[in-house]
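Keeping the supplied structure of chain A fixed, place chain B upon it in accordance with the hints.
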Amino acid sequence: MKISTFLENKQDKPLKKLIGKMGVALFWVLLWALAARWVDSPLVLPSPLKTLEGVIVLAGDFEFFVSIGVTLLRVFGGVFISVLLGLVLGLAGGLNKPFYEIMNPFVSTIKSLPVVSVIILINLWIASGLVPLVVTFLICFPVTWTNVVQGVRATDKKLLEMAKIYNVEQTRIIRDIYVPSIKPYAVSALMNAIGLGWKVTVTAEVLANALPSIGMNLYYSKIYLETDLLFSWTLVIVICSLVIEKITLHVIGNSRKGDGQCPLS
Amino acid sequence: MSIIITDLSKIYGEETIFEDFNLVFEKHKITGILGPSGAGKTTLLNLCSGLDQPDCGTIEGINFQSISYIFQEPRLLPWRTVRENLRFVLNQNAIKKPGPHEADIDAMLELVGLTSVGDYYPQELSGGMRQRVSIARAFLYPSELLLMDEPFSSLDCSLKNRLIEDFSKIWEQDKRTVIFVSHNEDEVRRLADVILTFSDKPIRILKKEYLGDNSKKL
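So the protein sequences, as listed, match chains A and B. Per this note's numbering, the first sequence starts with residue 1, numbered consecutively. Per this note's numbering, the second sequence starts with residue 1, numbered consecutively.
Bound-form chain A, shown alone:
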């Protein structure tokens, strides 16, 4: 009897969690709806229903999906290149002090540059369509690089000493000690880069007039005073961002299971 109650409680937990989350979401949507009713002007604040209707109308047009697809490509392209280079160069920077000294001023300079300056500057040099990709890389790369360098430096020195004593080859030390050690740092960098990548890509699309894109659709909604569509596109961005975040976490979780991570750790 006790065991069955325990199991039922355990099965109930995710359901309760989901209901809780939906309750919180409902609270904010209700608050939004009340605010929209109080303002009583769709031009200033469209209602949640009007926003959702806007998404449905947009989804009826093939260009909607083209815009999302191209923006997604830019986000993933920029994030992918920044994570890949951040991993390789971060590993090199963590292992080799002179290399770190060479890279650090470059990374620190990019970090301190305002995003808008980077976008406008890059737009002078390359085609509009590529600006969001390059800017996303420039903004996300320092995050990944810094995290990976930190991960390398936080690697357990005692394990490295053990490997040195047992004369383990350097490539295998990197593969079996450094890479697993930097994994949590790299995952955190990836999640940050994805979150940051979205915002930067859409901003760069607006400022660089990159077509087709979500950013330009946002911009057109603004200049044509279609506030409901502005909200609809924003909702699309939020949904895409959440879905990508969940998929990434799921993929990372699965790769950990298949990568010999101790089930207890």
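Everything labelled a hint here was simulated from the structure, so no lab data went into it. C-beta: ideal position from N, C-alpha, C; glycine also. A portion of the hints provided could be inaccurate.
A few chain B positions that, by computed beta-carbon distances, are all more than 10 Å from chain A [unchecked claim]:
| hint | residue |
| --- | --- |
| 1 | V117 |
| 2 | K175 |
| 3 | P202 |
| 4 | L206 |
| 5 | K207 |
| 6 | K208 |
With a straight-line Cα cutoff of 16 Å, these simulated EDC-like cross-link-like pairs (lysine to aspartate or glutamate) come out [claimed, not checked]:
| hint | chain 1 | residue 1 | chain 2 | residue 2 |
| --- | --- | --- | --- | --- |
| 7 | A | K157 | B | D52 |
| 8 | B | K29 | B | D193 |
| 9 | B | K29 | B | E144 |
| 10 | A | K157 | B | E73 |
| 11 | B | K169 | B | D193 |
| 12 | B | K207 | B | E185 |
| 13 | A | K50 | A | D40 |
| 14 | A | K158 | B | D52 |
| 15 | B | K27 | B | D193 |
| 16 | A | K199 | A | E245 |
| 17 | B | K27 | B | E144 |
| 18 | A | K158 | B | E73 |
| 19 | A | K164 | B | D52 |
| 20 | B | K208 | B | D193 |
| 21 | B | K29 | B | D174 |
Chain B in isolation, oriented as in the chain A frame:
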């Protein structure tokens, strides 16, 4: 060839650990080193293993490619199973698959009584089991010199006794030169052929004692 330390000097900051220190470790013997905590016994092991360099003097008779080390803590890769940890020091490329040394790994796991936990991760083992993996790793690696830095200090009494017995059993089959550092006289007396008692810094040998086989209290 024995290990010959000649005129060794080592200074850390303001502290002189060794000054014109001379010592010979006999081949195929277990040399136990006793001394106060923090005197510099581990420094001697680090100098012998190449983890640290002497400021002056020489250490001859050590092939640095051929050293095993049983540390105070097991130092196992937490993301690898027991078997994979053993394969790691054998420089096997595909660490997840059985390799050319698998029969040796099986034999060693049996010798230390860990056959049933070969596919477990270190976190799933008790402290004693982890240290046994560390002993298995040291003997599995083809070394001439085995360094031991208080390998039993963090274990309770019964576990320590079992591990000392395990160690003796393996060493009887594979008599390597062993330098065994401890501050516990009982442990050293049970394992060592020769006991050296060190002074505090700068280290001097206060006493050298040869134990016959009958003196070991296993």
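Hint check results:
1. V117: holds, 13 Å
2. K175: holds, 20 Å
3. P202: holds, 25 Å
4. L206: L206/B is indeed farther than 10 Å from all Cβ atoms of chain A, at 29 Å.
5. K207: holds, 29 Å
6. K208: holds, 27 Å
7. K157/A x D52/B: Roughly 14 Å separates the two Cα atoms, so the pair holds.
8. K29/B x D193/B: Given pair K29/B, D193/B holds - Cα atoms ~6 Å apart, limit 16 Å.
9. K29/B x E144/B: holds, 11 Å
10. K157/A x E73/B: holds, 13 Å
11. K169/B x D193/B: Holds, at roughly 15 Å.
12. K207/B x E185/B: holds, 13 Å
13. K50/A x D40/A: Roughly 12 Å separates the two Cα atoms, so the pair holds.
14. K158/A x D52/B: Holds: K158/A and D52/B sit about 14 Å apart, inside 16 Å.
15. K27/B x D193/B: holds, 11 Å
16. K199/A x E245/A: Holds - the C-alpha atoms of E245/A and K199/A are around 14 Å apart, at most 16 Å.
17. K27/B x E144/B: OK: K27/B and E144/B at ~9 Å, within 16 Å.
18. K158/A x E73/B: holds, 9 Å
19. K164/A x D52/B: holds, 12 Å
20. K208/B x D193/B: Status holds; Cα separation ~11 Å.
21. K29/B x D174/B: Distance ~11 Å between K29/B and D174/B Cα, so the pair holds.
No hint from the list above goes unmet by this structure.
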